[in-house]
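Engineer: This is what each chain is made of:
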Amino acid sequence: MPIIETRDLTHIYLPGTPYQRRALDEVSLTIEEGEFVGIIGANGSGKSTLMQHFNGLLIPSSGKVLVDGKDTSVKGYRNELWKQVGLVFQFPEQQIFASTVYDEVAYGLKKLGLARPIVKQRVEEGLSMVGLDSRDILSLSPLCLNGGTRRQVALACILAMHPAVLVLDEPTAGLDPAGCDYIIQALQDMQRNHKTTVIMVSHNVNDLILLADKMAFLDQGKLMVFGSKTEVLRQMAHRDVDHLLLPDHLKLMYRLAAAGCPVNTDIITLEQATAEVSILIGESAR
Amino acid sequence: MIQISNVTKDYPQGTGLRTRALDHVDLTIEPGEFVGIVGRNGSGKTTLARLLNGLLLPSSGQVLVDGWDTADPCHRQDIRARVGMVFQNPDNQIINPIVEEEVAFGVENLNLPSAEVTRRVDWVIELMGLSEWRHHAPHLLSGGQKQRLAIAAALAMGNSYLVLDEPTSMLDQLARRDLMTCLKRLVREEKITVILISHSMEEVAEADRLIVLHRGSIHLDGSPGQVFNAPGFVQTGLKRPPIPGLVDGLLKLGHQINQEIVTLEQMVEFLCQ
Chain A
0 MPIIETRDLT HIYLPGTPYQ RRALDEVSLT IEEGEFVGII GANGSGKSTL
50 MQHFNGLLIP SSGKVLVDGK DTSVKGYRNE LWKQVGLVFQ FPEQQIFAST
100 VYDEVAYGLK KLGLARPIVK QRVEEGLSMV GLDSRDILSL SPLCLNGGTR
150 RQVALACILA MHPAVLVLDE PTAGLDPAGC DYIIQALQDM QRNHKTTVIM
200 VSHNVNDLIL LADKMAFLDQ GKLMVFGSKT EVLRQMAHRD VDHLLLPDHL
250 KLMYRLAAAG CPVNTDIITL EQATAEVSIL IGESAR
Chain B
0 MIQISNVTKD YPQGTGLRTR ALDHVDLTIE PGEFVGIVGR NGSGKTTLAR
50 LLNGLLLPSS GQVLVDGWDT ADPCHRQDIR ARVGMVFQNP DNQIINPIVE
100 EEVAFGVENL NLPSAEVTRR VDWVIELMGL SEWRHHAPHL LSGGQKQRLA
150 IAAALAMGNS YLVLDEPTSM LDQLARRDLM TCLKRLVREE KITVILISHS
200 MEEVAEADRL IVLHRGSIHL DGSPGQVFNA PGFVQTGLKR PPIPGLVDGL
250 LKLGHQINQE IVTLEQMVEF LCQ
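Note that the protein sequences, when read in sequence, are chains A and B.
Residue numbers for the first sequence follow numbering that gives the first Met the number 0, beginning at 0 and rising by one.
Residue numbers for the second sequence follow numbering that gives the first Met the number 0, beginning at 0 and rising by one.
The following block holds chain A by itself, in its conformation from the complex (with noise of 0.2 angstroms):
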């Protein structure tokens, strides 16, 4: 069933100036109900303009958004729609402010008008849901955390909320690469055991390789293309000579073909390109 579809979506940000700047343009997606969905594209290509359009945060200047068949741009479902999709920003750390981890993670929890005794076990779920043990931090203030456990207690605060939708905008950006596995294997958890619907956007293909069913690819605010990993990534090769968005062992079969070797370019992993290399060295020393 889908669970988040836009028609025909275009947003012009400061429409009627001379910054008027159309970020999207007639971008149409069907995104179905548990899938994990990476979005992706380089800077400006309106993958940011796009998630926020996911919870209401932004309306469409022209087209439409229907998350559960409902419309995002009529008001009264504003409220239902905040608690179904979570939106979790670029450095999520830098808007905690509570003076503990448990009233940090609890606020939101509050705000639902949840019990009390919800709330603590939803905190406790929350926090093991990223990784974190809460017996260890959950009086400690968020502040003195480092980075990359903080970026987990931002996530903990949207994860305990239980969205069905949860959107997350460059989750791993400048965490090392401990922190991005607690974030992705929370996100494959989420996927996996609690059926939670995942958009990713990420200018990292590394991430989304590993993670999403599907992939859609932004230029210039158009949706080049929505499908499997394979074909997106053709497509990515295709639009951009420089390959820069692909990660190093794809630009390789990139510029192994292009410099005539007999290699496929239709690969993912780094597993696949190991092999193409093994038969291409294989093949010059016979």
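Check before you lean on any hint, since a few could be wrong.
Reference excerpt, derived from the structure (chain A facing chain B, CB under 8 angstroms, subset only) [as the list claims (entries may be wrong)]:
no., residue
1, Asn145
2, Gly146
3, Gly147
4, Ala177
5, Gly178
6, Asp247
7, His248
8, Lys250
9, Ala258
10, Pro261
11, Ala272
12, Thr273
13, Ser277
14, Ile280
Calculated pairs, DSSO-like style, for lysine-lysine (alpha carbon to alpha carbon, straight line, at most 27 angstroms) [said to hold, decoys possible]:
no., chain 1, residue 1, chain 2, residue 2
15, A, Lys213, B, Lys238
16, A, Lys63, A, Lys194
17, B, Lys238, A, Lys228
18, A, Lys69, A, Lys213
So the derived label-pair ranges between C-beta atoms look like this [what the hints assert, rightly or not]:
no., chain 1, residue 1, chain 2, residue 2, range
19, A, Asn78, B, Ser216, 49 to 57 angstroms
20, A, Leu279, B, Pro11, 52 to 60 angstroms
21, B, His138, A, Asp7, 27 to 35 angstroms
22, A, Cys143, B, Met0, 31 to 39 angstroms
23, A, Thr16, B, His254, 40 to 48 angstroms
The hints are simulated quantities; they were obtained by calculation from the structure and are not laboratory data.
Keep in mind that this is a model prediction, so the values were computed, not measured.
Ideal Cβ positions, reconstructed from N, Cα and C, are used throughout, including at glycine.
Take the given structure of chain A and dock chain B to it, following the hints.
Structural biologist: For chain B alone, kept in the frame of chain A given last:
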């Protein structure tokens, strides 16, 4: 030369989960080196960076910059004039309304003749590829341009050491590539010593020397090829970048391949020779 001998840095109790940020670290950085530093969050990278120009002082041990002790207040000015710092978010250190004024700000306070100030400003603006934006307001620049502006302002001070603490985390791929090209040029052509802290393994693969910090100690130190292929590397929770990963995979399949191949360019060259 920067010499760190037996340096320990403790933060006061109650300000973090771990209070000993650096634990008896010894490290020598020679002039002209391009050093990459990696490590997990909380491994002591930023503390180490801030010790290099006396922003932080060691709890015990000594940091010498060209022979001057960073703990000696008499030489703090000299040290700051040698060791420039660039942080993650350039917006935090840009204070002037015009690009060239931002570059000139520190230099003007060095009490130099105005011709010298002009010469330095012209030089770094050209060097960092900012000529086109010279008379623009910094807030209208892109993230990558702002980061290059922060570097330009540091270089104009006559710094011979440049310490960059995760300068690319907020940049997109194109800006990252441009910044790395700039850094390599600084090392090769201007003989600047560059110390680059980053989470991007692809970036530090371009350095001449790679250091892995783990729990406040130097865990590995060597060429990028040696470090990425060392058994201790993955144990620290870091990930090999794709190219060394590919080299590792090929070795396991029984191919002969040089472990010093760590970047895409080196791999393309090897395979297409």
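Engineer: State for each hint whether it applies.
Structural biologist: So, going through the hints one by one against the coordinates:
Given hint, Asn145/A at the interface with chain B, holds; its Cβ is 4 angstroms from that chain's nearest Cβ, closer than 8 angstroms. Because the beta carbon of Gly146/A sits about 6 angstroms from the nearest beta carbon in chain B, less than 8 angstroms, this interface hint is met. Proximity of Gly147/A to chain B holds as hinted, the smallest CB-CB distance being about 4 angstroms (cut-off 8 angstroms). Because the closest C-beta pair between Ala177/A and chain B is about 4 angstroms apart, less than 8 angstroms, the hint holds.
The interface hint given for Gly178/A holds, since its Cβ lies 5 angstroms from the closest Cβ of chain B, which is under the 8 angstroms cut-off. Interface restraint check for Asp247/A: the shortest CB-CB distance to chain B comes to about 4 angstroms, inside 8 angstroms, so the restraint holds. With a cut of 8 angstroms, the hint placing His248/A at the interface with chain B holds, because the nearest CB-to-CB distance is about 4 angstroms. Because the closest C-beta pair between Lys250/A and chain B is about 6 angstroms apart, less than 8 angstroms, the hint holds.
Hint status for Ala258/A relative to chain B: holds, with the closest Cβ pair at about 5 angstroms, below 8 angstroms. Interface restraint check for Pro261/A: the shortest CB-CB distance to chain B comes to about 12 angstroms, outside 8 angstroms, so the restraint is violated. For Ala272/A, the interface hint holds, the least distance from its beta-carbon to any beta-carbon of chain B being 6 angstroms, beneath 8 angstroms. Below 8 angstroms, beta-carbon pairs count as interface contacts, and Thr273/A has one with chain B at about 4 angstroms; its hint therefore holds.
With a cut of 8 angstroms, the hint placing Ser277/A at the interface with chain B holds, because the nearest CB-to-CB distance is about 5 angstroms. For Ile280/A, the interface hint holds, the least distance from its beta-carbon to any beta-carbon of chain B being 5 angstroms, beneath 8 angstroms. Distance check on the hinted pair: Lys213/A and Lys238/B sit about 25 angstroms apart at the alpha-carbon level, within 27 angstroms; holds. Simply put, Lys63/A and Lys194/A have alpha-carbon atoms about 25 angstroms apart, close enough for the 27 angstroms limit, and the pair holds.
Taking the CA atoms of Lys238/B and Lys228/A, the gap is near 22 angstroms; set against the 27 angstroms cutoff, the hint holds. For the hint pairing Lys69/A with Lys213/A, the CA-to-CA distance comes to about 23 angstroms; that is within 27 angstroms, so the pair holds. Distance hint check: the CB atoms of Asn78/A and Ser216/B are about 52 angstroms apart, consistent with the given range 49 to 57 angstroms. The hinted window of 52 to 60 angstroms between Leu279/A and Pro11/B holds, with their beta carbons roughly 57 angstroms apart.
A beta carbon spacing of about 34 angstroms between His138/B and Asp7/A agrees with the range 27 to 35 angstroms that was offered as a hint. In this structure the supplied range 31 to 39 angstroms holds for Cys143/A paired with Met0/B, their Cβ-Cβ distance being about 35 angstroms. Restraint check, Thr16/A to His254/B: a C-beta distance of roughly 60 angstroms breaks the suggested window 40 to 48 angstroms.
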